[in-house]
Every structure is written in structure tokens, then in C-alpha cells.
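Engineer: These are the residues of each chain, in order.
There are 2 protein chains.
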Amino acid sequence: MHNSDLMDKIVSLCKRRGFIFQSSEIYGGLANAWDYGPFGAELKRNLKNCWWKSNVSERDDMVGLDAAILMHPNTWKASGHAENFTDLLVDDKKTKKRFRVDHLSPEEQAKIGTQYTEPREFNLMLKTRLGAVEDTSSDVFLRPETAQGIFVNFKNILDSTSRRLPFGIAQIGKSFRNEITAGNFVFRMREFEQMEIEYFTTAEDSDACYEEWINRRFNWYTEHGIRKENLKLRKHDDDELAHYAKGCTDVEYQFPFGWSELEGIANRTDYDLKQHAELSGKDLRYHNKITNERFYPYVIEPSGGVDRAALAFLVDAYHEEEVDGRSRVVLKLHKDLAPTKVAVLPLLKKNADIVSMAQSIKTDLQKSLTCVYDDSAAIGKLYRRQDEVGTFFCVTVDVESLDDKQVTVRDRDTMGQQRVPVENLKRYIQDQLS
Amino acid sequence: MHNSDLMDKIVSLCKRRGFIFQSSEIYGGLANAWDYGPFGAELKRNLKNCWWKSNVSERDDMVGLDAAILMHPNTWKASGHAENFTDLLVDDKKTKKRFRVDHLSPEEQAKIGTQYTEPREFNLMLKTRLGAVEDTSSDVFLRPETAQGIFVNFKNILDSTSRRLPFGIAQIGKSFRNEITAGNFVFRMREFEQMEIEYFTTAEDSDACYEEWINRRFNWYTEHGIRKENLKLRKHDDDELAHYAKGCTDVEYQFPFGWSELEGIANRTDYDLKQHAELSGKDLRYHNKITNERFYPYVIEPSGGVDRAALAFLVDAYHEEEVDGRSRVVLKLHKDLAPTKVAVLPLLKKNADIVSMAQSIKTDLQKSLTCVYDDSAAIGKLYRRQDEVGTFFCVTVDVESLDDKQVTVRDRDTMGQQRVPVENLKRYIQDQLS
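From first to last, the protein sequence lines stand for chains X and E. Each residue of the first sequence is one higher than the one before, counting from 1 in the working numbering. Each residue of the second sequence is one higher than the one before, counting from 1001 in the working numbering.
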């Protein structure tokens, strides 16, 4: 399959089956904004819950945070965003279109001054204004990253949790960037969701810690179903690094539009905390109560995008197979990510006993698992419809079920079917899913 | 306890134990913005998950949605927010302070023209600007409610899910309002999180459906631990209703600062869909395929605030008790809301065998439950520390545990203790929690 075909198919499936819609579509859409429909909302919830479980709940050395999108403007002075979070742009004098200088070819760049205007800095932060009174109201920015919410809360978290190094703070939330070249579906949007960790350690341990997090984050994607051959690590060259950073490595995924960043893992040294300490005048040093040393810890930052991870999981899960001479589209999503775990299907939708049995099975299962009930087509078609949205199991209730109290459980990936007694069904499914 | 004392105690507990911090506090804070610390982030996650489970996962007639905060500006023309989502404000000519006219007493209102300026409309939506090219860039608004994201996606959801009436669409997400009189901790913030449902039904069934949702939403709060005597329903008077609304009832909670709205349930008739259909020129009618009728369904909207619900749960859970002549502060949070389910405590933190046993218990439990390990104080103090953050169970490993392979499980609310074999511990706790 051509890569552009694959991307088209995924965008089309996402719309048709309710994963992702163009935002405000009835008004012609808002450029590069997307809404998650019923299946997409569940996929995204599952993805974020998996990340939280792996990185917070199951670890001894992590805590969570949920900071506001709107922050004090000094935050962005300290972080450097107010001054440096800019793209260098030129205008085409004829077409009036605007371009990023670093996206022009060397030939095009040579035309700066003739075809293009002189480059100008353009800050990528979205600005708004709070408060009603004109003279005291203030410009504030929508955060361009969640990370700074962690740094400004570092002291409060230290004081309230008595954490000892090394430890990390994790956060999931929306960020906003006024990208000039947004695009590629949900890969690059102006409004997007991040899952970020700031892991605090000593300068001495920071190199080893950096390597550990690179491996851990790479493995997280493969453990959740991404094929290893579609992932790679890309170490940043020295000239790509921010001046304060000691190292940065991207986890890249082979999207239909090319290898692109899923997540970056950086050793940010003690830059951020020092910057905030200097501008705020607050002592943000860590206090080692055993040695009585006070110092600024180093920070390892694994920073991933929720939306691009969702896209990677969708792309990687998408399969077209030939079954009995017909094409089957199946989303082989990891069990923890699949939006629906079980579809309960009555073989005969007009048989009241079958319907009643199927509905009671669904009512029981949905206390602990995401379930749907579907009677909108013949069984073969229902299977295909569930395959297409990645439903892990189909449970079919047929006439025989009324006698033998057994149902047919069909596996999404193997299409293998098995008769399971209704009384064991919940345990059977839970065992398969755990 | 005086109510203002209670509120002070809760704000103080929230900061001291890492539930809620003032946003950007190191820079003097951002007015009426708050960040959720480690325990607060878990509480809020639990609260949202409980809501999603009750209103989406466990129901047959609901689907989820996760729409963007930034929407096409026409959305707010159709909804009426562009024109009508305003406060009428006056300025005090001397002090230059600004007030909402409806917050002035009749005596103060009589001074409009003398002490105060003439009232002016002030739109509460926060505005920002997207795009780099000046002449094509556009003003967009941060959504003041999540509801409109549901209405503009109504057709896409109908088309992709084949839902039949009655059914609902549920969404959780941030909204923004430039409130003049924000305040009361997280009760009224300029950035806040909503959990909203739009439940679509026929005009004929809408009254009964409205009553059902009022009861269902009232009960949701009591089922999650709010005492009934601290909740009441307040039916809006006819002159409070929006011109299109057929009815609206608030679920109010008795906060320390008075009875205030937790959630509103409204019968919005077919107003919203019709407005969007008219402005977009799209046919947003529901098609009943059996009768072949096409019509605009009525909408029942239960709209709650995540932050004010979190505050209500905290306030209601806060207890001070006298135990053995000492004061005990305990957050009696519902088991599904408690940020931490289990604290594992080694009785002797220098006994390597006890520590090893305690850590292995924690590692095992945290695969399915939120756990902490704490050895920072003597056992009595550790119990109090866990009570104060609402930890459901404390599991203590002592010298005897090494011999008899049993641990002490202490219940937060009764303080009753029980010896439980380690091999049964997980099941024991899970049974108590389910």
C-alpha cells in the first residue's frame, strides 16, 4: 500500500467510525484542529491511563501533577519562551504567503531580499487577556508546554511530599502553539495534549538516568503494541541542542509521511530550576537532609505527545487482510488501548430470549469492561464492524446458548472462536485481558 | 467550627499535603488560578473516572467525546455567546474598581450615574489569535463551555454510531471564562473543568427525561459520599431561565461559604441544534428510520464542574475527631475517590527484613491499586498522616509478620485493625473496595 493511501484510509476510517472528526466541521472546520469522537475519546483515555499507570501508579519514585494552562507571564520569561520561542519567517512579496526560513531550500533562501522579505521573529505562544479592568488587566499566554508547570511547583511538591532524590513529577495536559506549518492530521496541531515527566536527580547520576529513560520510553511504545521495526532512536546533534541541554534523543515512529518524533528525552541539566529561582528570588534548591547539602538537581525530561502517540497506535494497528476471498480491515490495538473490549451480539435480534440473554451479559460485563451491544446487521458484518474499531472480543448469543448456557467468544486477531459457559465468561475475558 | 475556619483549614490542608497549590505561586500567583498537586491530581482523576464510568461506560445509551477547546468562531454566534455571554459592569468613578451591576445592592444601584458610570456589556469569553499571516489570521475564543463541542459534532456522531433516540453524548474538558468575581478557592476560576452531558430525546419525552436526570445526578453525589443533608435541589424561577429553556434545576451543595451550585440540569429544548443548523446551513435533524420522520430532538443537559465537585467532596469528607485525647483530622473520602487506597508502613524502618517484606507487598499491590510506602515517622504519626489525605487502608508490617506472614490492616474510618495473611491481602483489600 502506498503511504499516502494508508494515511487517507486512516483519516477516512477515523471519521467514518467516530475516532476523529474535523473540529467545527459544520462551519468548514478550524484549521488543524480535530475532535475525538466516541471511539477516539476512549482510545485517548486508555492511552493516557496506560501512561499514568506505567509512569506514576506502578512506580515508587513518581508523583502526579495537574497544573493550569494559564500561568503567570514571568514563567515564560524564566523559561526563555517569551524571548526565544520563535520561528524566523519571511513573506513571499508576490503571493503574500508566509514561510519558515528553515523550511526553504538553499536556493529559495538565496532569494531573501528579492522574492522574499527580510526574516522576522514570530513568537509561537498564543496570547489572551485576563481581567475586566483595562489598566490592570494583563496579557497571559496559553502554555506552549506543560513542563514549566512542574518547575514552578517543584518547591511546593518537595515541601508537601518530602520526596528524596531521585524522583519525578508527571503531568498530562493541553498545550498550545501557533504553528505556521501545522498538519498531518493530529500529528501537529495548534492545540495538543502532552504527557511530560521531569525526573530530578544529581548531576553525577544524570547521564545514566538519561539513558535509562530513553530505554524505558522506547520500550513503553513496544510494550503497548508498536512494532519495533517502526520505531527508532535519533540522537540530536550538538548543534540541535538548546545551549543548556546536555543531550536529547527522540523516539521516532515511521509514520506514513515519514519518520517523525513521538517523544523527546532530554537532559536539561539544572537550567530550568535555576532560571525560575533567579527570576522569582525564591530558593528552589533541593535540600539533602543527610549531608545537609543544598543544590539544584539535574532534570531528565521525557516529553511525549498524546495525539501523535494515538496516531502512531492507530497506524501501527491498521491491517488489511484477505479472509475467505474478502478484505478484512482490523485495528490490532493493544488490549489496554482498544476502545471497546467486548461487543455482545445477538444472533437473532427478533428472538426475545436471545436479546434478553445478550443484554444481561452486557449489563454484567460493562461493570468492569468497556462493552457495546450491536444488533444492526448480520453476524458476519457485525464481526467486520467490530474488527475495524479494534474490539478485542465478540461474544455471540445464539439459539443454542438458550439451552446450553454457553456463548461463542471470538478473538479479534486470530478470528478463533470458542464456546464459553456464561457463568465463566467474565473471568475468561478478564484472564485473557490481564 | 465556624465556616470560615473550616474553609481556611481546607485550603491549608490542600497546600500542606499537596492537594491544591496556588498557581505560579513563586511569582506571586495568578489570580484565581490553582494547580492540583500529587494528591489533588489523583483525586481529580478518580472523580472524572467515576463520572465517566457512571455516565458512559455503565450505560447503554451514552457515548463519549473529546472536542478541542478552540472552535470556529461561528460556534459562539450560533450559541448566542458572542452577543449575550456578557456581564453588565459599572466602574466606581473614584476608586476605578469595576462591579457587576447585579452584585450591587438596590441602594448602590441607585448611584449609577453619580458614583458609578453607566453600565456597559463585557463579554466573558477569552480571545486569542491563530495563524501567522496578519490579514488571514483570525480571532478565536477559548470555549466558555464544553457543551457546544457536542452540538457541532452531533451529526458526525449520529453518522458514525447509528445511535437511536434517546441517547446522550458526554464530555469532560477545560473551559474558560473571564469572570469578574472569581474566587472561593477552586469554586469559581477563570480556567475550570466541566463534565457535561447532552441527552437527546423527543419533545414529548423531554419532561420525564429532565426529571430522571435531576434525580440521577443528585444521587450520583450521594452515592459518592456527599451527605444528603448538605445537598439540595433548586428549581430556577421562570425569570431566571434562558428564553429557550423549558426548565433548569441546580444541585446545590452547602459549602462553607453558603449554598452554591454544583451542577445544573436544564431542558434546553431544540434550541442549540436549530441555531447551529440555521447558521451552518447543514441539516442537523435526527432521522427516525422506522417512521421516516426528521426532526430536531430536545436536549437535557446535566452540566457539572469538576473543580467544584472536588471541593465539595473534600469539604464533606473533612472530619476532626477526638481520639485518645488527641485531635485526628481525617478525610473520609469515598473509596473510589480516595487518592491513595493503601499505605504500606514498615514498623521498623531499619529492619531489612521488614523493609523488604513491606516493599514487596507494595510492589504487588500497586499493580492494581494506588499505593504509597511511608517510613518517615513512628507508626502513630504515619496513621495520622494517611488519615489526613484519606488513604483507605494502612498495612503495617511488623516483626511478627516475618514469622506468621500476616500484616495488620487498619481501616481509615473505624480505625479498626485486623491481621490478614499476606497471601490473602490483595483479595481482602479488593473485596473491601468493591
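I should point out that these hints are in silico values taken from the structure, not numbers from a laboratory. Glycine residues also receive a C-beta, built at the ideal position from the N, C-alpha and C atoms. Do not take every clue at face value.
Quick partial rundown of chain E residues pointing at chain X, CB under 8 angstroms, derived from the structure [claimed, not checked]: (1) His-1072; (2) Glu-1278; (3) Ser-1280.
Engineer: Can you give the numbers of the hints that this structure goes against, from lowest to highest?
Structural biologist: 2
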